[in-house]
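Chains G and P, in that order, are what the protein sequence lines are. Position one of the first sequence corresponds to residue 8 (this note's numbering), numbered consecutively onward. Position one of the second sequence corresponds to residue 71 (this note's numbering), numbered consecutively onward.
Please note that a few of the clues may not be correct.
Said to hold, decoys possible - The following label-pair restraints were derived from C-beta to C-beta distances:
1. LEU100/P / LEU178/G: 52 to 62 Å
2. LEU148/G / LEU73/P: 45 to 55 Å
3. LEU25/G / ASN168/P: 24 to 34 Å
4. GLY188/P / GLU136/G: 29 to 39 Å
5. ASN171/P / MET140/G: 53 to 63 Å
6. SER240/G / GLY72/P: 54 to 64 Å
What the hints assert, rightly or not - Derived coverage of chain P by chain G (criterion: at least 3 residues anywhere in the stretch with Cβ under 8 Å from a Cβ of chain G; other residues may be distant):
7. 90-97
8. 107-119
9. 161-173
By construction, these hints were calculated from the structure, which means they are not laboratory data. Ideal Cβ positions, reconstructed from N, Cα and C, are used throughout, including at glycine.
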Amino acid sequence: MTTNDLLTIIATIVLGPLVGGFLFGIDRKLTARLQGRYGPPIVQPFYDFVKLWSKSRIVVNQSQMMYVYGYLLFTITALCLLALRQDLLIIIFVLAFGGVSLIMGAFSVKSPYSNFGAQREILQMVAYEPILMLAAVAIYLQTGSFLVSGIFDKLQQPLLFSLPLVFVALLIILTIKMRKSPFDISASAHAHQEIVRGVYTEYSGPYLALIELTHWYELLLVLGIIGLFWATSIWAAAALALAAFLLEIVVDNIEARMTWSWMIKFVWTTGISLSVVNIAALYLIK
Amino acid sequence: MGLVDTARTKSPWILHYDCGSCNGCDIEILACLTPLYDVERFGIVNVGNPKHADVLVVTGPANRRNQRVLRNLYEQMPEPKAVIAVGTCACTGGVFHNCYNVMGGVDKVVPVNVYIPGCAAKPEAIIDGVVKALALFSPSNGKEAAK
């Protein structure tokens, strides 16, 4: 590992939550404006984080605590791997480990709301994992490598031009990962309630703060994968990711919450067929 | 005022529990969350989970049937926490004070920090009450907010 890699990792771990937190602040402000409200300040997620961090520690059991750290560490690892331009498949697997940690934590307590949330979180993973894998396969077909660095080194034109349908499928995944409507079924964002707070029901104080922190990293990770579709320059990638993020907020505000069965049907039929058609087209055009 | 105090006053998440109110005060609390008053601009979010809440907002008189639930909710909230009694019933029992099943105000069951009288309490009064309760989280800022 070179010094440069080490600096990249440190920058990701330190700057990641700052950017992610501000994005969530923008999300809350924009959502409020779309609903005709004034909205909280942009730095509100940081106030929430510090407040939760300073509250008393209440845990239901020891393992619950461990799973929160697992969720955080796996997500940070996945984001660092992306920043280091490593293997896409490994990034997807590590991300899945993080998701499983959250689910295990929710299953480790007896609260029915938490268990319900965990079941639905599993269904969400079942819905989005195939599409992430297909996206990795599609990128492989274009670059001849699963490495993220391959996208930066080998391509002359952005992936978006050759993989537009895969990109649309990934936008659906972004909604699921951000836990936004119509997919906010396992847990819900601020000021919404679904089975109390779903998977987060039994977490409180500092542990809830760690989960919020993980969300900031996770959002950056998913936006980073979306940014890969215009990786010819880092600014274009950031602009594409930001555009996807803003679109997401609008979708969240105009959509109703749907059921888990609708989610599976929609994501598997629409998402998988979009990806498969795109991959088939790549072969035909060749 | 330190960072933690600032964060606590800027991000109070409220848990609303109806002890058996006539729904008048509940509607006024919900009115605070609408675009007209929009308490989220102060970081106030209505959560449905005691484990995430900082401020317990209670409406209605404490009665023998649900005092157990009220105490349970209060005990599940992590420290530091505050309790606000909204409406005359929650303060003293109100018109129900001499019913056979009513114990009186909410303070008969859990310690109350702020009383907001009124039947029903106005949204402006409720927001004022929450601000007073926030002063408890930051002692140095307390005098200013109390004025």
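Hint by hint, here is what the structure shows:
1. LEU100/P / LEU178/G: 52 to 62 Å: At roughly 34 Å between Cβ atoms, LEU178/G and LEU100/P fall outside 52 to 62 Å, so the hint is violated.
2. LEU148/G / LEU73/P: 45 to 55 Å: The hint (45 to 55 Å, Cβ to Cβ) holds, given that LEU148/G and LEU73/P are roughly 50 Å apart.
3. LEU25/G / ASN168/P: 24 to 34 Å: Since LEU25/G and ASN168/P have Cβ atoms about 58 Å apart, the given range 24 to 34 Å is violated.
4. GLY188/P / GLU136/G: 29 to 39 Å: violated (53 Å)
5. ASN171/P / MET140/G: 53 to 63 Å: holds (60 Å)
6. SER240/G / GLY72/P: 54 to 64 Å: violated (42 Å)
7. 90-97: Coverage by chain G is violated for the stretch 90-97 of chain P (0 residues, Cβ < 8 Å).
8. 107-119: With 10 residues closer than 8 Å to chain G, the stretch 107-119 of chain P meets the three-residue bar; holds.
9. 161-173: Violated, because only 0 residues of the stretch 161-173 of chain P bring their Cβ atoms closer than 8 Å to Cβ atoms of chain G.
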